[in-house]
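Visitor: Sequence:
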Amino acid sequence: MRIAVVRPGAVLALLTVLNILNFVDRFLIQGFAVDLMADLHLGNLQFTLLTGLAFTLFYTVAGLFMGALADRVHRPRLIAAGLGAWTVLTAATGLAAGFLQLAALRTFTGIGEATLTPAAVGLLADTQAPRRRAFATGVYYLGAPLGIGGAFLLAGALGPAIGWRCSFLVLGAVGLLLALAVLAMRETRALPVQGARAAMPGAGRLRDVAAALRDSPPLRLLMAAGVLVIFGQGAFVLDQAWLVQERGLAKAQAQGLAGTMFLFGGVVGALAGGWLADLMEARRAGGRLRFLGWATLLGVPVALAHRFAAPDSAVFLPAMFVGSMLMTLGYDPLFASLQDLAPARLRSTLVAAMILGMTLIGTSGGNLLVGLLADRFRASGLAQPITWAAACTLVPWLLAAPCLFGAAGRVSHAGAGAGAGAGAGARGAAR
Numbered sequence: 001m002r003i004a005v006v007r008p009g010a011v012l013a014l015l016t017v018l019n020i021l022n023f024v025d026r027f028l029i030q031g032f033a034v035d036l037m038a039d040l041h042l043g044n045l046q047f048t049l050l051t052g053l054a055f056t057l058f059y060t061v062a063g064l065f066m067g068a069l070a071d072r073v074h075r076p077r078l079i080a081a082g083l084g085a086w087t088v089l090t091a092a093t094g095l096a097a098g099f100l101q102l103a104a105l106r107t108f109t110g111i112g113e114a115t116l117t118p119a120a121v122g123l124l125a126d127t128q129a130p131r132r133r134a135f136a137t138g139v140y141y142l143g144a145p146l147g148i149g150g151a152f153l154l155a156g157a158l159g160p161a162i163g164w165r166c167s168f169l170v171l172g173a174v175g176l177l178l179a180l181a182v183l184a185m186r187e188t189r190a191l192p193v194q195g196a197r198a199a200m201p202g203a204g205r206l207r208d209v210a211a212a213l214r215d216s217p218p219l220r221l222l223m224a225a226g227v228l229v230i231f232g233q234g235a236f237v238l239d240q241a242w243l244v245q246e247r248g249l250a251k252a253q254a255q256g257l258a259g260t261m262f263l264f265g266g267v268v269g270a271l272a273g274g275w276l277a278d279l280m281e282a283r284r285a286g287g288r289l290r291f292l293g294w295a296t297l298l299g300v301p302v303a304l305a306h307r308f309a310a311p312d313s314a315v316f317l318p319a320m321f322v323g324s325m326l327m328t329l330g331y332d333p334l335f336a337s338l339q340d341l342a343p344a345r346l347r348s349t350l351v352a353a354m355i356l357g358m359t360l361i362g363t364s365g366g367n368l369l370v371g372l373l374a375d376r377f378r379a380s381g382l383a384q385p386i387t388w389a390a391a392c393t394l395v396p397w398l399l400a401a402p403c404l405f406g407a408a409g410r411v412s413h414a415g416a417g418a419g420a421g422a423g424a425g426a427r428g429a430a431r
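With our numbering as the guide, the letters of the sequence shown map in order to residues 1 to 431.
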């Protein structure tokens, strides 16, 4: 007997659990950074390639394909297939013997994970009331702080007991059980086209995306802002090595601190971001984007200050908490605004396109830059090379603010020109 999961709260809860697992699987490698770099003899650049380009290259390409597919096929089955694939590959990570094997596994893990968010965001858009869409998106993206924080805490708890290899095997088994649960979900919409041949995205779909971007300057600015936000977050990828090597923390202490900060700071950022963004949007069209612009201008300098603070200073922990908040604060305004600006028939495809830019350019570029700079600074004899590499990588994040303010201004102007309110009228005019 199939179980119908059609109530908004139930859909949101299940998708959030899946996203938590998504981020745990993705970030457990960072939780075990010190162990992996020591056991497999990895340099900073090699490690950041594993967390960046090796994962995102196929993740983003597959994500665009999966976004178009999610607009046309049974989304829960698509999610279940991807979940089963990526968790098997996560388990296989525990058997890797070197950099090349890890890189191959990370590449194919990205293809599996690419199925989740385009389909999930589309499901949320179909089941949640428009006025609560940013809040629902924020709850879904609680998977980021809960998953990232959970990955570090799991590494600290499971590592001493069973080692990093068995930890990946255990996580893979959990994912397979959840994949079976997802198969019990029913699609929440009527499928527009039946058959595998009709479901294949083609050049026409890409032309539709290009046309949507060409016709909507706010959409272009929004995507540019998303890329810059994620690029700056590359500064955090070497945090375990940074805390141990340059701030003198023990490995278990660093895992616990990073996990706790991502868990609590990230949850506060996700919830506050969704609530405040919706509040400002209700007052004025483009309010979500203005909120994120101001948060960027005020928060990134605090994250920069954290890089140069001593662990026993009064600034260190509060600034670290702010940095953890910033990691998730932007998801809700960015993706809720994308849903507002995107034509309904292209929502999942445009989500996938935005994820493509954010991960292939943002994540890969930011991670690559911090790893490259850390190795170069170390080779040149610079004291605290990871500190300076992280600080340099944070700076482009500030460039997201003018993009966000520009997009917000265009949304407001379009809404005023159409004589509409700050809700649906502004969104329709901006398209």
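I should point out that these hints are in silico values taken from the structure, not numbers from a laboratory. Treat each hint with caution, since some may be false.
[To be verified] Dumping the calculated SDA-like pairs for lysine to any residue here, alpha-carbon to alpha-carbon at most 25 Å:
hint: 1; residue 1: Lys251; residue 2: Pro343
hint: 2; residue 1: Lys251; residue 2: Ala184
hint: 3; residue 1: Lys251; residue 2: Trp388
hint: 4; residue 1: Lys251; residue 2: Leu45
hint: 5; residue 1: Lys251; residue 2: Ala129
hint: 6; residue 1: Lys251; residue 2: Phe377
hint: 7; residue 1: Lys251; residue 2: Met37
hint: 8; residue 1: Lys251; residue 2: Leu263
hint: 9; residue 1: Lys251; residue 2: Ala103
hint: 10; residue 1: Lys251; residue 2: Val209
hint: 11; residue 1: Lys251; residue 2: Ala310
hint: 12; residue 1: Lys251; residue 2: Ala91
hint: 13; residue 1: Lys251; residue 2: Leu304
Every value quoted in this text rests on a predicted model; they were computed, and no experiment measured them.
Visitor: Are the hints correct? Go through all of them and say.
Guide: Each hint tested on the structure:
| no. | hint | result |
| --- | --- | --- |
| 1 | Lys251 - Pro343 | violated (48 Å) |
| 2 | Lys251 - Ala184 | violated (41 Å) |
| 3 | Lys251 - Trp388 | holds (21 Å) |
| 4 | Lys251 - Leu45 | holds (20 Å) |
| 5 | Lys251 - Ala129 | violated (45 Å) |
| 6 | Lys251 - Phe377 | holds (23 Å) |
| 7 | Lys251 - Met37 | holds (13 Å) |
| 8 | Lys251 - Leu263 | holds (18 Å) |
| 9 | Lys251 - Ala103 | holds (24 Å) |
| 10 | Lys251 - Val209 | violated (46 Å) |
| 11 | Lys251 - Ala310 | holds (17 Å) |
| 12 | Lys251 - Ala91 | holds (23 Å) |
| 13 | Lys251 - Leu304 | holds (23 Å) |
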